[in-house]
Amino acid sequence: MKQHLQRQSGVANVDVSLIDGKVNVTPKEDGQIDPAGLLKATYDSGVSVAELDMTASGKVVKDSTGGLSLQVKPNQSFVISPNELSKNLEPLVDSTTVVTVRGQLFKKHAGKQKKADALAPLRLLILEVKKE
Amino acid sequence: MNRKSLAVLLLAGCVFVVPKLEAQIRHIEMRVEGMT
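Quick note, the sequences are listed as chains D and C, same order.
Quick note on this note's numbering: the first sequence kicks off at 218 and runs consecutively.
Quick note on this note's numbering: the second sequence kicks off at 51 and runs consecutively.
Because the hints were derived from the structure by calculation, they are not lab data.
Just a sample of chain D residues kept apart from chain C, beta carbon distances all over 12 Å, derived:
#1 K279
#2 T282
#3 G283
#4 G284
#5 V296
#6 P299
#7 N300
#8 L302
#9 S303
#10 K304
#11 N305
#12 E307
#13 P308
#14 V310
#15 L342
Just some of the chain D residues that point at chain C, by a computed CB distance under 10 Å:
#16 M218
#17 L235
#18 Q293
Using N, Cα and C, we set each Cβ at its ideal position, and we do this for glycine too.
Chain D on its own, in the form it takes in the complex (with noise of 0.2 Å):
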């Protein structure tokens, strides 16, 4: 798995522990890193994702559909899904601001995983605005 990982564009670290099943992968300093990538990859690996969180600092933009989206890059975004935390990220809407927070992207349902699950589209739950 962990080569399946680091041959994924963007990435610059894999390191994964066996003991908690945690795997944490640094990306490079000016790549672009597709999470949905990195979990097609850990799914062709054989293996299961629980879980993948992500931290990252970006823009909050308004989408098409009146949503709020994180956008890291001017061809990469995310949507929010509305909790409580993104609340606090629209006065940010439209503005040159770069807000760092860390959420989650994906999330296993109970259940046997289906590659379905594996290849939606990600949703970012807002679990931290980090203050810089």
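Model the placement of chain C on the given structure of chain D, informed by the hints.
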């Protein structure tokens, strides 16, 4: 050095010294099952 030059120098210093927070993915952590 006149005031205008000093102000420009200070402004330029701020641009280079203050670290800019760039938009990017900083870290990804996965919890996996079935790993041997």
